[in-house]
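*Asks:* Using the sequences plus the hints, can you model the full thing?
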Amino acid sequence: MNLHVASAPDPKRLAFERTWADPPGWRGRCAAIDHKTIGRRYLVTAFAFFLLGGALAAVMRVQLARPGHPLLGPDLYNQVFTTHGTTMMFLFAVPVMQGLGIYFVPLMVGARSIAFPRLVAYSYWMFLFGGLFLYTSLLLNAGPDVGWFSYPPLAESLYAPSKRADVWAQLITFTEVASLAVAVALVTTVFKLRTPGMTLNRIPAFVWAQVVTSFMVMFAMPAVMLASTALILDRLVGTHFFDVEQAGDALLWQHLFWFFGHPEVYIIFIPGSGLVSTIVTTFSRRHLFGYLAVVLSLVSTAFMGFGLWVHHMFATGLPQLGESFFTAASIMIAIPTGIQIFCWIATMWSGRVSVKAPMLWILGFFAIFVAGGLTGVMLAAVPLNTQLHDTFFVVAHFHYVLIGGAVFPLFAGFYYWYPKITGYLLSERRGRWVFGLLFTGFNLTFFPMHVLGLHGMPRRIYTYLPEMGWGPLNVLATGGVLLMACGVLLFVFDALAARASVGAEAGDDPWGAGTLEWATSSPPPPGNFPSPLTAGGREPLWDNPPDQPVVVGLRPGVRDVLVTHVLDAEPDHRQKFPDPSPWPLLTAIATTGLFVGSIFTPWAVVWGSIPVFITMVGWFWPRSASDGGTRPWPVAGRTLPAPGELPAAGGAI
Amino acid sequence: MAPGEVVQSVLEPAGPHAAAIRHLWLLMLWTSVAVFVAVLVLAGAALVFGIRARRHGGPPHGSEHLLGKAVGGAVVLTCIVLIGLLVASVWTGRHVASLRADGAVTVSVTGHQWWWEVEYEDVRPSRRALTANELHVPLHRSVVIKVTSRDVIHSLWIPNLQGKRDLIPGYTTAIWLQADQPGRFRGQCAEFCGLQHAHMAFDVVAEPDAEFEGWLERLRQPAQPPAGEVAQHGLELFSTRRCASCHTIRGTEAAGQVAPDLTHVASRLTLGSGTLPNTPSHRRAWIADPQKPKPGNQMPPNPLPEEEMSALGAYLDTLR
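Read top to bottom, the protein sequences are chains V and F.
Adding 42 to a residue's 1-based position in the first sequence gives its number in the numbering used here.
Adding 775 to a residue's 1-based position in the second sequence gives its number in the numbering used here.
There may be inaccurate statements among the hints.
As the list claims (entries may be wrong) - Estimated spans, in silico, between C-beta atoms of each pair:
#: 1; chain 1: V; residue 1: L531; chain 2: F; residue 2: K921; range: 31 to 41 Å
#: 2; chain 1: V; residue 1: R474; chain 2: F; residue 2: G958; range: 43 to 53 Å
#: 3; chain 1: F; residue 1: L804; chain 2: V; residue 2: F662; range: 51 to 61 Å
#: 4; chain 1: V; residue 1: I656; chain 2: F; residue 2: P1078; range: 52 to 62 Å
#: 5; chain 1: V; residue 1: G70; chain 2: F; residue 2: L804; range: 57 to 67 Å
#: 6; chain 1: V; residue 1: L363; chain 2: F; residue 2: A1030; range: 43 to 53 Å
#: 7; chain 1: F; residue 1: L804; chain 2: V; residue 2: G364; range: 24 to 34 Å
To be verified - Simulated coverage check for chain F against chain V, where a stretch passes if three residues somewhere in it have a Cβ under 8 Å from a Cβ of chain V:
#: 8; region: 844-850
#: 9; region: 853-861
#: 10; region: 919-930
#: 11; region: 938-944
#: 12; region: 1034-1045
If you're looking for bench data, these hints aren't it; they were derived computationally from the structure.
Idealized CB from N, CA, C, for every residue including glycine.
*Replies:* Okay, here's the thing in structure tokens:
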């Protein structure tokens, strides 16, 4: 591969942009595979689900504001709290973080595209259709009502005879297919498409976080897919996995579910901590202190995250020795998180800090997340857990952890990257208001819940008796929701209005940040980098010597991508990437038919697989060798073609 | 304790187990407060140093070497604190799970959607005693509660006495508790169990040994034969209408097995598993339409004529 200094002349750049652009118009939108388009769609859709899930939460808070409130009956309340939890977990938290990954990981590693762009497009459609399916069901009074954890036997057909539990189980299948596809694409992007020079120890912390998360997705999601499929089989064809009457086991579900469910928390939090590392670095104007320790903390968190699921089951009466092991593991996971927090503090301590809007959210993160982590240590202790488990104390705890650990960093990320995505800065003044409202509202809503839990208020109750004395604190909590709602609406207004405000043009690098996404224009052109930069350090824009080479040798009129080696990102070969295609959308529609149909009859799996097969044939139809194919040159040990040699033909992922 | 006052709190222990857990809570709480303040002070200081370094230029605060030592020290300190908490947790856990078993009262609690079946065990099967939604425990004596469920998963929780334990169909497990203070403590289902999870509570009455034994002896007796014509009519209604297809009144023909035993229903504190105070008028209202205070529960409405309702009510009033 030729590497030397070059500047891209204009006509070449136009050709380059034409090559990488998604086709125009309606049909082009259906065929789009640009990772920035897909990433934007993911972010906007997930945020819409965040608003919906938040609205459901507000309704619940109004219901609980006073004892015996007749607003929602138990039937509707159960649908609402189940849909709230399911939405926030599966349709907001995981997809929004993956959306950031889809948009920014290729940019941050200096790649022109995400790996497997068609697969990523397919994953978006699956995510969207899954979400629409859930909310259509809710509108049809068929929203799931057995909790986002869907414990059998309550979720078995004997106790949940309607289709509601099936809707939940299939929503899981939709979203897990989507997130598995994204995980595979992100890992491949980071391992094979990094720009030359970006060795493993120069990968930005946020990208590391995405890699670690993606591996967790690959190991955790199959557990819940297995469990939900077994549940559907119990309900649809009468198997007896969890059916106690027929020698099934109710606890088996809990093990399978929490083997996914606990890592899920870290799947949400680890990208959040990646955001914190990135933003603290930029606004402290120095490299991250203890980069290696932070990255290893992420990795060890991921490993440990799989070893503490039983702390969700301390009340089931497991043997004490086993419980002590899981207590120790749950407490131990505080150590890598502590290491990260100390490294962030050290970074600010020795940096030159400016407190712009993104940084404000990071400071809010510190306060809220540390509090949530400490209540987490309390809940790891078996005796205390048996008192606090399934009370409002736990509700308070995990909202502190998830909103503090993921949503606050996410808002920091929104303020940080909004200019890169749109080309416009968000208002600094309104940003302070949004932060103030959300921070105050959040603490007003969730802090009282600690006290409510200690005073015996269980979770998932649709009402309570006046003599319980829980009224006043519940009113306070409901009041806090009002502030949070104002904050979120102001943010939405700000995001829509930014384009119209004067002087909000961002330029390429408004924060003076050092990672590669800031090296291209805002918003980035199709194909991201007309001349991909190489990486001369962890923050290439800070570290690169002025004569740092760029990547050349990628044809402007072809979707050429440079594939590099895993460890040191040395150039390996160039590969032609697939063109935009409507087949991923058509495949997603066919898959949706199969999934939704299988709620009603097992035959839907048989007949529904035919359209899936046909659309996949369309998707993977081999192209002629002269078109370039997509497989690398076939001879082992060689990275460039022999004169006149054509690559092997291949389908397009 | 004032009548009608509801006690359901982790922070007011009435027995050794809840007290031990409260000690652990206080240790954790104050440790956490200290850690929280320390971390925020450090972050605040870092912020101030960082902002100053930017405003005034000059070299940044702290050398990499010193900072590395500080971070390492903080991590070591974190580990020490966490190990301390782990030891405290395991020690409390041992304490909470162990109890002297001699002279213990053994009670089986079975969860149903949405009520609690309570059976006091005895070495002589004929001396077993059955009730619902109410536990009486003698002061200063160990109580073993064996739990399981007939339908979905529930969770037994009496915060003033002990941590919770899930009632899982197909599994029987046991917890121990002991009350050292007399009083009425409320417990509530803590595992989501369907429509009426919110109204699945019960009462625990802790009383001196003599009172407890008297109560238990009364519970073992069958129902008194109805005194007077109205009550007699009430019993006939109970046996001939659908009441008896679900409920049992020992000593009569009514022997339904799917709903709470009503042999001594008038002596209980609440109706509908903690939904209403158990007064004669609430009993009548409950029979007429149990779906109103507790929508979705398994008992259908019984729109009886006024005369039949008062006869039935009069009979139930005698079941003390």
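*Asks:* Now look at each hint and say whether the structure bears it out.
*Replies:* Comparing the hints with the structure gives:
1. V:L531 with F:K921: 31 to 41 Å: violated, 53 Å
2. V:R474 with F:G958: 43 to 53 Å: holds, 51 Å
3. F:L804 with V:F662: 51 to 61 Å: At 59 Å between Cβs, range holds.
4. V:I656 with F:P1078: 52 to 62 Å: For P1078 (chain F) against I656 (chain V), whose Cβ atoms are near 59 Å apart, the range 52 to 62 Å holds.
5. V:G70 with F:L804: 57 to 67 Å: holds, 59 Å
6. V:L363 with F:A1030: 43 to 53 Å: Holds, at about 45 Å.
7. F:L804 with V:G364: 24 to 34 Å: Since L804 (chain F) and G364 (chain V) have Cβ atoms about 27 Å apart, the given range 24 to 34 Å holds.
8. 844-850: holds (count 4)
9. 853-861: holds (count 5)
10. 919-930: holds (count 4)
11. 938-944: holds (count 6)
12. 1034-1045: violated (count 0)
Hint violations for this structure: numbers 1 and 12, all remaining hints satisfied.
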